[in-house]
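Trainee: In this text, residue positions in the sequence shown follow my numbering: the first is 1, and each later residue adds one.
What the hints contain is simulated information worked out from the structure, not anything from laboratory work. Check the hints yourself; a few may be wrong.
Computed cross-link-like contacts, EDC-like style, restricted to lysine to aspartate or glutamate with a CA-CA straight-line distance of at most 16 Å [unchecked claim]: (1) K299 - E42; (2) K15 - D113; (3) K69 - E230.
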Amino acid sequence: MAAYDYVTVGVFTEKRFGGNPLAVFPDARGLTTEQMQAIANEFNLSETTFVLPPENPQHHARVRIFTPKAEMPFAGHPNVGTGFVLARRDPHPPEHYVFEEPAGLVRVHILRDADQQINGARISAPRALSIDIAIPTDVVAACAGLTEADILTTSHDPLVASVGTPFVIAEVTSVAALSRAHPDIAAFRAAAARFPKLAQRFSLHLYARIDGDATRLRARMFAPLGGVLEDPATGSANAALAALLTSIAPGENVDLHYEIEQGVEMGRPSQLIASASKTAEGAILATIAGSCVPMMEGKLEV
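All chains should be modelled from the sequences, with the hints used to inform the complete structure.
Mentor: Structure follows, in structure tokens:
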């Protein structure tokens with residue numbers, strides 16, 4: 001029976017028991033896809049990552065990311081947390097890592113505090129912003145347990161946006177309305193049936209502006225069909241959100257930074273720093289950054 005080391009960390013937080021927990025297997029060689037999925041289901045966290053040798057020796061690692069139910073092409077907090085874990089285990093860590101993932105290459109820049117201690121990471125999303133179909137307001141409201149009046153369409157209609165993983169993104173009228181949201185699983189199933197291309201990833205990311213500030217946001221993300229009823233911090237969704245908001249901001253050459261709170265309603269407050277830039281050429285690129293806190297280490301026998 002083989003034994004595999006694992007590490008758990010809190011991502012997008014500076015305090016223990018906050019942020020989004022992540023399990024990382026720093027050396028997953030020998031595990032099958034089926035075993036990885038079973039392990040992710042056993043941990044039952046939003047995601048679990050498995051680090052493998054890169055296919056291209058110029059890169060640092062191939063990283064596979066699993067929710068309790070499926071493999072992800074890209075996700076934010078798993079990359080931030082995995083970069084943090086690998087850098088802390090490396091006696092001479094590089095300034096950045098390049099991870100191979102199904103959505104593309106993910107660049108992970110290691111962050112340090114004033115004492116030069118590794119305390120987090122900033123990742124670049126593997127793809128530029130893409131915007132897909134609009135989702136009717138009544139569908140979003142039903143999934144979120146809200147009324148149509150709670151969904152704000154002044155800046156944009158609810159729509160599918162991605163910088164590597166697609167999310168349904170919608171603005172709500174206030175932080176109070178956001179706090180009232182609760183996922184209706186039957187409505188999610190009905191929405192997935194109505195939009196078959198999103199059947200496996202009908203993930204709803206809601207946000208509200210804090211005190212009307214366009215760059216200070218509160219967010220919540222529900223993905224019950226993917227085994228995540230609510231996520232404490234969703235880097236890939238907030239990177240897509242930052243890219244979307246930057247795309248509709250006035251001007252051709254724009255570089256914006258967003259402070260985003262998530263997980264507050266779950267009792268796991270998280271703080272994410274998202275940035276996005278656009279140029280006259282049109283491509284909109286995003287990054288997401290945050291701190292990490294080490295939690296547990298152990299071995300798992302397979």
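Trainee: Give me the numbers of the hints this structure contradicts, sorted from smallest to largest.
Mentor: none
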